[in-house]
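**Q** Now for the letters of each chain:
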Amino acid sequence: MNFEDIKNEWNAENPEGDSISTDMLKIKQAHTPIDKIRRKMKHEFFYQMFFLVFMALIPSIFGFSALMNKIFLMAYAIICGFTAYYFFKFYAFYKIAYDMSMDTRKNILWFYYEMKLNIELYKALTYIVAFISFGFLTAYVFIEKATIFSRILSNLSPIYILLNCFVTILIIGAITELWAWSYYGKYLKQVKKVVDELDYE
Amino acid sequence: MKETEKIFLSLINQHKAIIHKLSKMYMNGAEEQRDLFQEIVLQLWKAYPTFKGKAKFTTWMYRVSLNTALIYFKKDNRKVDKTPLDENIDIADVSDSADKEEKLAYLYTAVQELNVIEKALVFLFLENQSHREIAENLGISEVNARVKLNRTKEKLQFIIKKNGYEF
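If you're matching them up, the sequences are chains A and B in order.
For the first sequence, counting from 1, position 146 maps to 145 in numbering that gives the first Met the number 0; every step adds exactly one.
For the second sequence, counting from 1, position 69 maps to 68 in numbering that gives the first Met the number 0; every step adds exactly one.
Keep in mind that the hints were calculated from the coordinates and are not lab data.
Any given hint could turn out to be false.
Claimed, not checked - Incomplete in silico selection of chain A near chain B, CB under 7 Å:
no.	residue
1	PRO14
2	GLY16
3	MET23
4	THR31
5	ASP102
6	LYS105
7	LEU120
Positions of the beta carbon are idealized from the N, C-alpha and C atoms, including for glycine.
So that you can see chain A by itself, here it is in the shape it has in the complex (with noise of 0.2 Å):
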């Protein structure tokens, strides 16, 4: 095989094709797996503040005494904070020009770190979300329940205690490791298989 003979019958190639109008620069939709996240990511946000605005109706739904009350404005006021920081630095990620003129390498190790921190930042806050949702409910068994709730935990040992904490921890964790993968980790896995081929020697 003579490559020399290729390169100049590629070369001699001209392939004819429509030109290219002002209509194809109109196209909104990417497929870059950056694009990709990008929209998931906004999706989230549409869905994240459906949840607040949700969670808000929450007292008057469940009728919270005036002291169940003050403790569920704290953990809103907390989530609303950790979901209004997430959401700043989305919203930094998402309005940064990404530069597709660096060289390859460098190109790519951006997309795949700032994709990675995107998803890593996107697991804390799905973890402090549900952490705190978590702390809230205990809270609320404790004063609202605490007839009911002594009775039940009377009869528990606390070994049997930790262990279901130990439990609903791993149940949390493998939860949000499963939906951010589902979620992102297919694009995550696409960039690094490009890293790992330009890296190889």
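Following the hints, complete the assembly by docking chain B onto the known chain A.
**A** Leaving out everything else, chain B in the frame of chain A:
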């Protein structure tokens, strides 16, 4: 139409063969090639403000196009068609120009078995880029570019032979 848009379209239309060839190299089916072609044009347009004219337009275009092709995510999991070409081509009857087309068709089929970086190496080599230019575009050392390109050429030769064709 805005002036920038006009200039961009004129430049891109002059060099659209680069995008066509790259799309054929990275995607096998006509529909997928068209999708990638559109994606590259879109990314070039989005990145156009970063083109300051310090380097040649084609140098900038190679980088953006290649970076897009490397991380392009297919719209769905359409299967890659790896059917050997010789089932459809009668080699004895083809003219010289058809023979050249056929060689390129075999090349395009064979490169589908390479990974994305190997495709980039072959593409840049066929586009007459030196080892130094290939290294600069990919962000690797010149020695590494040379070694990787030689290995890729050997692999390509093996694939073409394995598919029962020789040129």
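**Q** Please name the hints from earlier in the document that this structure breaks, with their numbers sorted from lowest to highest.
**A** 7
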